[in-house]
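Asks: Here the protein sequences line up with chains A and B, keeping their order.
First residue of the first sequence: 1, per this note's numbering; consecutive thereafter.
First residue of the second sequence: 1, per this note's numbering; consecutive thereafter.
Hints are computed from structural coordinates only; laboratory data are not their basis.
Ideal placement from N, C-alpha and C gives every residue a C-beta, glycine not left out.
Errors might be hidden in some of the hints.
Unchecked claim - Result set (BS3-like, lysine-lysine): computed pairs, CA atoms no more than 27 Å apart in a straight line:
| hint | chain 1 | residue 1 | chain 2 | residue 2 |
| --- | --- | --- | --- | --- |
| 1 | A | K20 | B | K20 |
| 2 | A | K66 | A | K114 |
| 3 | A | K594 | B | K533 |
| 4 | A | K533 | B | K594 |
As the list claims (entries may be wrong) - Cβ-to-Cβ under 10 Å is the rule here; a few derived chain A residues that face chain B:
| hint | residue |
| --- | --- |
| 5 | D10 |
| 6 | G444 |
| 7 | Q450 |
| 8 | Q578 |
Number of protein chains: 2
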Amino acid sequence: MEKTGFCRADVLEKLTGAAKYADDLCFPRMLHAVTVRSPHPRARILSVDAAEALRMPGVAGVYTAKDVPGVNQQPGDKPMLAADVSNSAGDGVAVVAAETRAQAEAAAKLVKVKYDLLPTVFDPEKALEDKTVVLYGEDNLACEHIVRKGDVDAGFAGADIVLERTYTTQRIQHSAIEGDVAVAVPEHGGITVYAPCKFPFNIKKSLARTCGLPQNCVRVIQPAVGGSFGGKDIDIVVVATRAATVALRTGRPCKMAWTREECMLEGTKRHPFRLVYKVGATRDGKITAMQIDGVADAGAYRSRSLATIWRAAVEAAGPYEIENVRTHIRAAFTNNVYSDAVRGFGSPQVDFASESLIDELACELGLDPLALRRKNMVREGSTGATGQTLTRVSLPQCLERLEREFPLGKPEVTPEGKYRARGIACLHRGESYGAAARDADVAGTDVRVQADGSVNIYTSISEVGQGTHAVMAKVCADVLGVPLSRVTICPVDTAYVPDSGATAGSRGTISGGNAVRLAAEAVRDGMANAAAKETGAAAEDIVFADGKLSANGEALMTFGQAAELCALTGVRTDAHGQWVAPRTSWDFERAQGKTYYAFSYGAAGAEVEIDPVTGKIEVTDLLCLHDIGKIVNYPEACGQIAGGVAMALGYTLTEQAEPENGVLKTRNFNTYLLPTMMDTKGVRALPLAEEQAENPLGVHGVGEASTALVAPAVANAVYRALGVRLRELPFTLEKVRVAVEQARKEEKA
Amino acid sequence: MEKTGFCRADVLEKLTGAAKYADDLCFPRMLHAVTVRSPHPRARILSVDAAEALRMPGVAGVYTAKDVPGVNQQPGDKPMLAADVSNSAGDGVAVVAAETRAQAEAAAKLVKVKYDLLPTVFDPEKALEDKTVVLYGEDNLACEHIVRKGDVDAGFAGADIVLERTYTTQRIQHSAIEGDVAVAVPEHGGITVYAPCKFPFNIKKSLARTCGLPQNCVRVIQPAVGGSFGGKDIDIVVVATRAATVALRTGRPCKMAWTREECMLEGTKRHPFRLVYKVGATRDGKITAMQIDGVADAGAYRSRSLATIWRAAVEAAGPYEIENVRTHIRAAFTNNVYSDAVRGFGSPQVDFASESLIDELACELGLDPLALRRKNMVREGSTGATGQTLTRVSLPQCLERLEREFPLGKPEVTPEGKYRARGIACLHRGESYGAAARDADVAGTDVRVQADGSVNIYTSISEVGQGTHAVMAKVCADVLGVPLSRVTICPVDTAYVPDSGATAGSRGTISGGNAVRLAAEAVRDGMANAAAKETGAAAEDIVFADGKLSANGEALMTFGQAAELCALTGVRTDAHGQWVAPRTSWDFERAQGKTYYAFSYGAAGAEVEIDPVTGKIEVTDLLCLHDIGKIVNYPEACGQIAGGVAMALGYTLTEQAEPENGVLKTRNFNTYLLPTMMDTKGVRALPLAEEQAENPLGVHGVGEASTALVAPAVANAVYRALGVRLRELPFTLEKVRVAVEQARKEEKA
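With the rest of the complex left out, here is chain A:
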């Protein structure tokens, strides 16, 4: 495979500091707003006294729930400002707006809120079982999802061995360099919001609702985005609505920019899971049944729990063909900070558990972990856990490549006394939203060729740092046969660009790329017709390449001349491409269905060195290979994988945003530990082009799968190094040191 690639157009602006992020924006008469928050996990708000704050210099106003112009609730049910009861510590209660941020912060400290503390629940299982404290409805059940295939009882009965293991994953957060920030400008009887976002049209629709405006009067413009990692969605609506409330009440532009502490306190987190796996197998390693019971902590509000739980339940049994499967995952409301989609949503949690489990099973059976996987893995034509027939399954190739490039070898102790071993893991991952989504999976994209042959693309697939805009530009340039430098992507502005859906579910290249291809093809065909009319060549003979149109090997005109010809003769050189993903469906009765229109596959190998003194796990080699079908930009695909892997290293080893009695203790990067470049030295990202995916571009998504393999591969390596199984993420120094102690005890015994 050619490992070719190209530079991204956004890089120069970002490197030189010319790129404008939302917090760089400034408008005449702009106010600055800050949030006053409840410090209590659950409390009734008795009164808000803003008198003293309002007397402070520069203060323009203090606003509470009653000032929110529209519905004081985001689609996922969190109020923009707590009205009566706050269900989570950090919930916004009031917004203070002033001429400067410092003035707003000073005044915010003087807003006096009286609370009546209410009883709380923090443990999700307790929330579901012991209903003393019920946040909403009757039972604190935020959502649940069930998958049922075959007869698990029969499957377990037919097994030679049955294992039951419990795995837990922690709460982490997005941690983009850029925090959540929005600038709201009142204009034309509506509101324009500048905000980094991964789903601009969702923000727009949510804002229309929270601002009480028709959708044609709400405009979301995306400046440069400083990272998403699955965020820049739900939290942005909160920030934007608060800024918009001030803007609409005062008639002045207003900026709200959350500090890192604010992002941590009030921002959404990855769902923590507790997963109980039960697996049965024959002595020779054939898995006969798998049963999964999981409980996730939704926190105080529902947000995107449904989509997360759905994906977790669908993928929980791993990439294996198992005749009998029963999965039941529930999410519970608690008084913790609320959970939402984080890059990979749902996958990293269950993949950690299921791929740890497979290794445990291999160990119990005395089988090679790779051989056990091969024995049970899905193949072309396999029936997955949800009953769907799988095609273009490249898992066998992934495992073969892994075996070749990453021999497991034997555990050893280094001369420095470190425990060294290797572990592996593999995965399947559903493409895009899947059947959980209410809306059709549609991406609209426009392409317009200017009269001088330069080209614009219009899309709302967001460039959040992953290079998606460069990929779309390349797809377009290839169809039109022009250099990449002739193509630019217009800034995302919901007033103008078509709705391309969310930059989520790793769908940017699949959905956005296919849409831009359709649009570019339509433009090309229109230009070919015009050129045919002008030159007498047959339209179907005309080829677009190297910046010109040719027919039967003869150059007809340059691409620029063709564009000018169209402009002069009134031939349209713009077109809309509408990519509609294949249908998915779910039968709730049978708990089976076509959950995702396609799956992608990958595998990883991790080599760890464990320092017995500090408990530090150093991942000295981390090979992550993902089959992504056609590779549009090789270096960028590597970057996407490496970035996801880096994020997963934090998930595996250090990151945790744990509340104590509902109050977060980790409030900045001094205690919330992100991996640095020093931690990623061993990462080897390897995009594979094994099976062209079943879409015109032939691509798979790669944004999220890379986040899911590291934890189980490391866990399996740690087990092979120490003989001790870690089942609770993250593998902190303390936990590893306990494991080392245990290993030494067992060694002695």
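Start from chain A and add chain B according to the hints.
Replies: Relative to the frame of chain A, chain B by itself:
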């Protein structure tokens, strides 16, 4: 006819001051730029010494022609900054940029330019004949146009009477409240320009050329526009290029805002004409031949002289069926400030002459002026001067209505001693660009229905104060059956909206309106199909009215529900409407052709009271009726006519921007006299809906025709009052007092 109408959405923002004009915009680190101008009508630039200016506080740079990044010439051939020779007093030579405008102005005074004065020519006829001073090429001929029908010599031979008369018209200027201003912001490797403009895509293309950028990197955003009157086009390119030059050289945003004096000094003007008419007629009033020789002053640069001369030549013979016509109009280069299209371009000049001439002929023949017009006027099926067959000719109805509403009566002297009389005039006017335009007359417009049923329109037809956006919104609302309040027009931004062509040639409603209708119909049909699929009704039975969809009298769903249905099922609710005007053509050999795809007709009556002491002409009654086919917004149509008439009153009576030896003497509104509300008390605007025009909307343009009838109607009234013919515009106090003197002398004689 129903005189219904509606309020414009832009009115509230404009009335309350919330609307943001270009000069209201402000960007972080924005520079302010001012122009250093040549005071000489023609001079070689020997050197520009900026050393002292550069030492002034806050000065960021001084830029000359060599700093213009691209082609230092606008399409109409004026350099953005004079490089070698300046051909007109007021030409920009350098640009000074500083932190504040005051700093830039102070520094500009210190830029030392050395000139070598060159010989000049100011009289256009002299420029064409005596070629001592030649500005360009061989002969100072900027352009010319000829129309030839039949045999004028034979026509004159067959006439009982032949008159020859000479008429002259003066130089005026656009005089919008808002001057020319642009803010250029360097971003994304290109330039974004905020500027009021009537042809945003022309500005964009011109800027791409002058800035040396591909068109996909140049973005023109239109803030609120403070009036056009045919301007905000050529001058804006000059201003924008200068601001962009600073922006691209410094990497900082830059504003250039011309003061009123600057707009007058350097801004384009209406072409002054000298027209020699010769007309032959039989004793009973049948016109047998007409010959017109005209010379216009193009000034120092060509600009839109061709389009102006073309229209003048085509319309010069008036709305009459004359067997033998020969028209020859030339435009000459001189060292005067350059001429360009001004609202009505070409028509007001020739209509003043031809309609004065008809009255002179009636007087000579002793016939009633209305009767003479009736005898010769074009009718259904007539052949016009350019040889095209005319259809849907409503001139007979216009004259009938004028006769009914405006009896000519007899001249009289008022008790205060004022001379009072009435005069009339009528016209034909070609729609849109006509065959002079190089490009096809195409208007693209998009309509998008949001998921909540609110609607956006995307067009580059500019709202310059004439109410065109309200008209487009109404057309769209009517097709979709939703209230007007549900429809908004997105701000004009060339990066996104389709090219709708110029807001010129009175084509806003015809071209833009028909395009929006096509787009809205396409959206409606798509929604009807989706609703049909959902409900089982036949798509062709579904009617969109009153905010809902019905079939056979039964309501199916609300419009909002239909929009949501489409959003959920991935049915597109946006569409592009492409209005392509019928073809026009011109045979240069035969000097005949289909000049315009349609003509509109109108008539006017003016009653004047002339104060013999002051020479002031008070227009006490001024009935202007224009057949505009279907009337979308009655009050706005009245406003359009009244506005054009007010502008024409200034043209007729007071406005003149006359240079002395190439240097303008009228540099502000203290000496350049615009009509005020007090001068328009007698105006009665009467839009007629006589003949539905031949386009799906059935509309005619009305923006410009209203500027052309006032001068001849007043001239004819003055003649009837005094018995003295005024053939030189404007009718200043001085000229009228001379006429009164002459009248009294003749009275005594």
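Asks: Measure nothing beyond the straight line between the CA atoms of K594/A and K533/B; if it is 27 Å or shorter, mark the hint as holding.
Replies: holds (24 Å)
Asks: Given the hinted pair K20/A and K20/B, is their Cα-Cα distance within 27 Å?
Replies: Status holds; Cα separation ~22 Å.
Asks: Could you grab the alpha-carbon distance between K66/A and K114/A and see if it respects the 27 Å cut-off?
Replies: holds (17 Å)
Asks: Holds or violated: the hint that G444/A contacts chain B, with Cβ atoms closer than 10 Å.
Replies: With Cβ-Cβ at 7 Å, under 10 Å, it holds.
Asks: Is the hint on Q578/A kept, meaning its closest Cβ partner in chain B is under 10 Å away?
Replies: holds (6 Å)
Asks: Would you check the hint for K533/A and K594/B, treating anything up to 27 Å between C-alpha atoms as holding?
Replies: holds (24 Å)
Asks: Given a cut of 10 Å on the nearest C-beta pair, is the interface hint for Q450/A held or broken against chain B?
Replies: Q450/A check passes; min Cβ-Cβ to chain B is 4 Å, inside 10 Å.
Asks: Please verify that hint: D10/A, Cβ, nearest Cβ of chain B, below 10 Å or not.
Replies: Since the shortest Cβ distance to chain B is 9 Å, the answer is holds.
Against the hints set out earlier in the document, no violation occurs for any number.
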